[in-house]
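The residues making up each chain are set out below.
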Amino acid sequence: MRARVLVRPKAGILDPQGVAVERALPALGFEGVANVHIGRLIELDVEDPSQLEEMSRRLLANPLIEDFEIELLEGGA
Amino acid sequence: MRFGVLRFPGSCDEVDAQLAAARVGDAVLLWHGDRDLQGVDAIVVPGGFSYGDYLRAGAIARFSPVMESVIAFANHGGLVLGICNGFQVLCEAHLLPGALLPNANRRFTFRQLDLEVVSTQTAFTGACQEGETLSIPAKHSWGRYYADEPTLDELEAAGQVVLRYAPAQNFNGSLRDIAGVRNAAGNVFGLMPHPEHAVDARTGSTDGLRIFESMRLAVEGARA
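Heads up: the protein sequence lines correspond to chains Y and P, in order. Take the first sequence: its letter number 72 is residue 72 in this note's numbering, and every next letter is one higher. Take the second sequence: its letter number 32 is residue 32 in this note's numbering, and every next letter is one higher.
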């Protein structure tokens with residue numbers, strides 16, 4: 001099964017990468033951009049999707065500082 | 001007194017840490033793939049970029065074979081010092097509370113810092129004077145100490161905040177100016193600045209030696 005794990009900085013935690021991008025966009029002429037946050041996208045094939053939750057909690061994300069979301073995709077690679 | 005300094009692929013400060021520890025005792029390097037801690041009295045998890053800092057700093061190193069032994073050693077009361085990347089590894093391993101985040105200034109920053117010793121009643125600062133300020137360099141881009149507010153309150157109430165950045169020195173945005181914390185039991189300590197780079201007067205400060213000297217006193221005191 002193909003799966004995606006989306007990892008984001010928790011709301012309210014300063015995200016310096018997001019701040020840098022938010023400041024760079026107006027410099028290119030893109031106005032009206034706010035609240036930019038940068039996370040990680042992890043794509044993987046798993047035999048047992050029920051393990052994704054624990055994988056995410058123990059390694060793919062750090063639950064103290066990040067939220068994660070698991071998405072199951074049809075088929076697989 | 002024998003220190004064991006871990007060496008991961010991507011470590012870069014393990015030899016400085018070994019040389020610093022060797023000023024107060026014996027010191028050996030321990031390879032990340034070995035579980036044998038060779039009977040050492042204390043562990044140093046050094047700075048660098050263990051496993052390339054892939055995923056998050058310290059996230060992969062934390063599951064290495066040597067760390068399995070270090071976690072067991074710490075759970076039995078052994079002294080463990082984590083410096084910079086080592087601090088990140090110990091947080092990822094849940095041996096220390098909290099986590100390290102990218103610097104608020106968004107830059108890799110290298111600076112000689114003044115650190116306030118909040119408590120001398122620890123195995124890592126026993127050789128310091130009450131109210132003393134240590135001059136120790138920091139060099140990192142991922143050093144903003146973070147824990148949620150209730151955890152920070154608990155750490156302060158329990159005296160687990162060991163070092164703070166002096167006023168105007170907190171470039172990375174660490175919450176409550178925390179530069180170094182210990183665990184509840186008091187045998188595990190992590191800090192972002194590098195005491196192993198402040199051990200020789202020719203490079204400006206010998207204040208970092210106090211951390212290693214404190215560990216020696218703690219180990220020998222417990223033995224006596």
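Note that these hints are calculated values from the structure, not bench results. Quick caveat: nothing in here was measured; it's all calculated off a predicted structure. Treat the hints loosely; a few may be bogus.
[Claimed, not checked] Straight-line alpha carbon distances no greater than 20 Å define the calculated SDA-like cross-link-like pairs of lysine to any residue that follow: (1) Y:K10 with P:K139; (2) Y:K10 with Y:V46; (3) Y:K10 with P:P150; (4) Y:K10 with P:T151; (5) Y:K10 with P:W142; (6) Y:K10 with P:R106; (7) P:K139 with P:H94; (8) P:K139 with P:D177; (9) Y:K10 with P:Y146; (10) Y:K10 with Y:M55; (11) Y:K10 with Y:L73; (12) Y:K10 with P:L152; (13) P:K139 with Y:P16; (14) Y:K10 with P:G173; (15) P:K139 with Y:Q17; (16) Y:K10 with Y:P26; (17) Y:K10 with P:T206; (18) Y:K10 with P:D148; (19) Y:K10 with P:H94; (20) Y:K10 with P:P167; (21) P:K139 with P:T206; (22) Y:K10 with Y:F30; (23) Y:K10 with P:S135.
Here is how each hint holds up against the structure:
For a cut-off of 20 Å, the pair hint linking K10 of chain Y to K139 of chain P is broken: about 26 Å separates their Cα positions. Note on K10 of chain Y and V46 of chain Y: the hinted pairing is violated, with a Cα-Cα distance of about 26 Å set against a maximum of 20 Å. With a CA separation close to 16 Å, the supplied pair K10 of chain Y and P150 of chain P stays within the 20 Å bound. Restraint check: the Cα-Cα separation between K10 of chain Y and T151 of chain P comes to about 16 Å, which is no more than 20 Å; the hinted pair holds.
Of the supplied pair hints, the one linking K10 of chain Y and W142 of chain P holds, its CA atoms being roughly 17 Å apart against a limit of 20 Å. Proposed proximity of K10 of chain Y and R106 of chain P is supported: the alpha carbons are some 18 Å apart, at most 20 Å. Under the criterion of a C-alpha separation no larger than 20 Å, the hint pairing K139 of chain P with H94 of chain P is inconsistent with the structure, at around 23 Å. Of the supplied pair hints, the one linking K139 of chain P and D177 of chain P holds, its CA atoms being roughly 16 Å apart against a limit of 20 Å.
Note on K10 of chain Y and Y146 of chain P: the hinted pairing holds, with a Cα-Cα distance of about 12 Å set against a maximum of 20 Å. Distance restraint check for K10 of chain Y and M55 of chain Y: the Cα-Cα separation of roughly 18 Å lies within the 20 Å cut-off, and the hinted pair is therefore satisfied. Taking the CA atoms of K10 of chain Y and L73 of chain Y, the gap is near 24 Å; set against the 20 Å cutoff, the hint is violated. As the CA atoms of K10 of chain Y and L152 of chain P are separated by approximately 17 Å, the hinted pair is consistent with the 20 Å bound.
For the hint linking K139 of chain P to P16 of chain Y, the alpha-carbon distance of about 18 Å falls within 20 Å, and the restraint holds. As the CA atoms of K10 of chain Y and G173 of chain P are separated by approximately 17 Å, the hinted pair is consistent with the 20 Å bound. Distance restraint check for K139 of chain P and Q17 of chain Y: the Cα-Cα separation of roughly 19 Å lies within the 20 Å cut-off, and the hinted pair is therefore satisfied. Of the supplied pair hints, the one linking K10 of chain Y and P26 of chain Y is violated, its CA atoms being roughly 25 Å apart against a limit of 20 Å.
Between the alpha carbons of K10 of chain Y and T206 of chain P the distance comes to roughly 39 Å, so the proposed pair goes past 20 Å and is violated. Taking the CA atoms of K10 of chain Y and D148 of chain P, the gap is about 11 Å. The hint holds against a cut of 20 Å. With a C-alpha separation of about 19 Å, the suggested pairing of K10 of chain Y with H94 of chain P holds against the 20 Å cut-off. Between K10 of chain Y and P167 of chain P the alpha-carbon distance is near 28 Å, which puts this suggested pair outside the 20 Å criterion.
Distance hint between K139 of chain P and T206 of chain P is fulfilled; the C-alpha atoms sit about 17 Å from each other, no more than 20 Å. Among the hinted pairs, K10 of chain Y with F30 of chain Y is inconsistent with the structure: their alpha-carbon atoms are about 26 Å apart, more than 20 Å. Proposed proximity of K10 of chain Y and S135 of chain P is contradicted: the alpha carbons are some 34 Å apart, above 20 Å.
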